[in-house]
Amino acid sequence: GAVVSQHPSWVICKSGTSVKIECRSLDFQATTMFWYRQFPKQSLMLMATSNEGSKATYEQGVEKDKFLINHASLTLSTLTVTSAHPEDSSFYICSAQLLGPMNTEAFFGQGTRLTVV
Amino acid sequence: AQTVTQSQPEMSVQEAETVTLSCTYDTSESDYYLFWYKQPPSRQMILVIRQEAYKQQNATENRFSVNFQKAAKSFSLKISDSQLGDAAMYFCAYGDFGNEKLTFGTGTRLTIIP
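Just so you know, the sequences run in chain order A and R. Sequential numbering of the first sequence, starting at 83, is according to the working numbering. Sequential numbering of the second sequence, starting at 49, is according to the working numbering.
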């Protein structure tokens with residue numbers, strides 16, 4: 083099956099610094115990737131849709147200037163949390179859409195646990 | 049906007065028994081997909097089963113099967129012969145046709161009793 087790799091798996095950063103999370107599709111090309119956020123014991127909430135070669139589409143209530151998304155190639159999307167604060171601490175998960183007519187499955191990365199201290 | 053509701057925050061089942069997890073959803077679309085994902089303690093999201101709304105036949109994957117009632121907008125997951133490895137959070141999810149942007153339910157934590 084298709085593999086999506088997310089890096090790092092966990093990161094601790096100081097308040098006010100920026101953190102970059104990578105999402106790579108290892109064995110397929112993904113024109114579209116999605117970034118989700120999951121608070122402890124809660125569901126996944128979509129943050130934004132990352133489109134290769136164009137600007138990301140953000141969900142209502144998500145600050146685009148705080149959560150910068152870049153999808154520079156068909157296999158890589160990055161999420162940068164800028165000027166991180168403790169309330170940004172969460173579990174971030176990406177998923178990738180398989181390019182092709184049968185795009186009926188989302189493949190998820192293993193997630194990144196961000197802790198801002 | 050689509051919504052997905054899972055009314056059972058927690059469920060438990062004896063090993064080897066059968067358990068059913070409930071899910072209802074709301075949409076105005078006629079073509080869409082429904083999914084059940086499993087999230088074990090590792091937090092990796094694992095696809096358990098999916099259903100295309102245009103298919104009347106209920107999807108099955110080995111011990112996992114669904115009861116898809118389109119008119120009632122209900123999509124329950126049945127796990128037969130429960131195994132210890134089935135213990136996890138289970139999320140029901142909705143996806144529009146041709147778009148893998150998913151809307152997730154709040155999840156059901158399944159415990160398997162040895």
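By construction, these hints were calculated from the structure, which means they are not laboratory data. Check each hint, because a few of them may be wrong.
[To be verified] If you anchor each label on the Cβ, the simulated ranges turn out as follows: (1) R:Glu77 <-> A:Gln142: 16 to 22 Å; (2) R:Pro88 <-> A:Met127: 40 to 46 Å; (3) A:Gln111 <-> R:Asn106: 46 to 52 Å; (4) R:Gln50 <-> A:Glu104: 42 to 48 Å; (5) R:Thr108 <-> A:Ala84: 18 to 24 Å; (6) A:Ser97 <-> R:Lys118: 44 to 50 Å; (7) A:Gln124 <-> R:Gln50: 47 to 53 Å; (8) A:Gln124 <-> R:Glu100: 25 to 31 Å; (9) A:Asp147 <-> R:Ala119: 25 to 31 Å; (10) A:Ala84 <-> R:Thr68: 45 to 51 Å.
[Claimed, not checked] Taking beta-carbon pairs under 7 Å as the criterion, some of the chain A residues facing chain R (in silico): (11) Leu126; (12) Asn133; (13) Gly193; (14) Thr197.
[As the list claims (entries may be wrong)] To give an idea of the chain R side of the interface with chain A (calculated C-beta under 8 Å), a few residues: (15) Arg91; (16) Met93; (17) Ile97; (18) Tyr102; (19) Lys103; (20) Gln104; (21) Arg111; (22) Phe112; (23) Glu148; (24) Gly153; (25) Gly155; (26) Ile161.
Beta carbons: idealized from backbone N, C-alpha and C, even for Gly.
The hints, checked one at a time:
The hinted range of 16 to 22 Å is satisfied by Glu77 of chain R and Gln142 of chain A, whose Cβ atoms lie roughly 19 Å apart. In this structure the hint that Pro88 of chain R and Met127 of chain A lie 40 to 46 Å apart at CB is violated, the actual value being about 20 Å. Look at Gln111 of chain A against Asn106 of chain R: about 32 Å separates their beta carbons, and that is not inside 46 to 52 Å. Between Gln50 of chain R and Glu104 of chain A the beta carbons are some 29 Å apart, a value that contradicts the proposed interval 42 to 48 Å.
Between Thr108 of chain R and Ala84 of chain A the Cβ separation comes to about 22 Å, which falls inside the hinted range of 18 to 24 Å. Look at Ser97 of chain A against Lys118 of chain R: about 48 Å separates their beta carbons, and that is inside 44 to 50 Å. Look at Gln124 of chain A against Gln50 of chain R: about 18 Å separates their beta carbons, and that is not inside 47 to 53 Å. For Gln124 of chain A paired with Glu100 of chain R, a C-beta distance near 28 Å keeps the hint of 25 to 31 Å intact.
Remark: the range hint 25 to 31 Å for Asp147 of chain A to Ala119 of chain R is contradicted by a beta-carbon distance near 44 Å. At roughly 30 Å, the beta-carbon separation of Ala84 of chain A and Thr68 of chain R lies outside the given 45 to 51 Å, and the hint is violated. Because the beta carbon of Leu126 of chain A sits about 5 Å from the nearest beta carbon in chain R, less than 7 Å, this interface hint is met. Checking Asn133 of chain A against chain R by beta carbon gives a least distance of about 11 Å; that is not within 7 Å, so the hint is violated.
Interface restraint check for Gly193 of chain A: the shortest CB-CB distance to chain R comes to about 5 Å, inside 7 Å, so the restraint holds. Violation of the interface hint for Thr197 of chain A is found here, the shortest Cβ-Cβ separation to chain R being roughly 14 Å, above the 7 Å cut-off. For Arg91 of chain R, the shortest C-beta to C-beta distance to chain A is roughly 5 Å, which falls under 8 Å, so the interface hint holds. With a cut of 8 Å, the hint placing Met93 of chain R at the interface with chain A holds, because the nearest CB-to-CB distance is about 4 Å.
Given hint, Ile97 of chain R at the interface with chain A, is violated; its Cβ is 11 Å from that chain's nearest Cβ, farther than 8 Å. With its C-beta approaching chain A no nearer than about 12 Å, Tyr102 of chain R sits outside the 8 Å limit, and its interface hint is violated. Hint status for Lys103 of chain R: violated, given a least beta-carbon distance of 11 Å to chain A, over 8 Å. The closest approach between the C-beta of Gln104 of chain R and any C-beta of chain A is roughly 17 Å, which is over the 8 Å cut-off, so the hint fails.
For Arg111 of chain R, the interface hint is violated, since its Cβ never comes within 8 Å of a Cβ in chain A; the closest pair sits about 19 Å apart. The restraint placing Phe112 of chain R at the interface with chain A is violated, with a minimum CB-CB distance near 15 Å, outside the 8 Å limit. With 8 Å as the threshold, the beta carbon of Glu148 of chain R comes within range of chain A, its nearest partner Cβ sitting at about 4 Å, so the hint holds. For the restraint placing Gly153 of chain R at the interface with chain A, the shortest Cβ-Cβ distance is roughly 6 Å, inside the 8 Å limit, so the hint holds.
Satisfaction of the interface hint for Gly155 of chain R is found here, the shortest Cβ-Cβ separation to chain A being roughly 6 Å, below the 8 Å cut-off. The interface hint given for Ile161 of chain R is broken, as the beta carbon of that residue sits about 21 Å from the closest beta carbon of chain A, more than 8 Å.
Hint compliance for this structure: hints 2, 3, 4, 7, 9, 10, 12, 14, 17, 18, 19, 20, 21, 22 and 26 are broken, all remaining hints hold.
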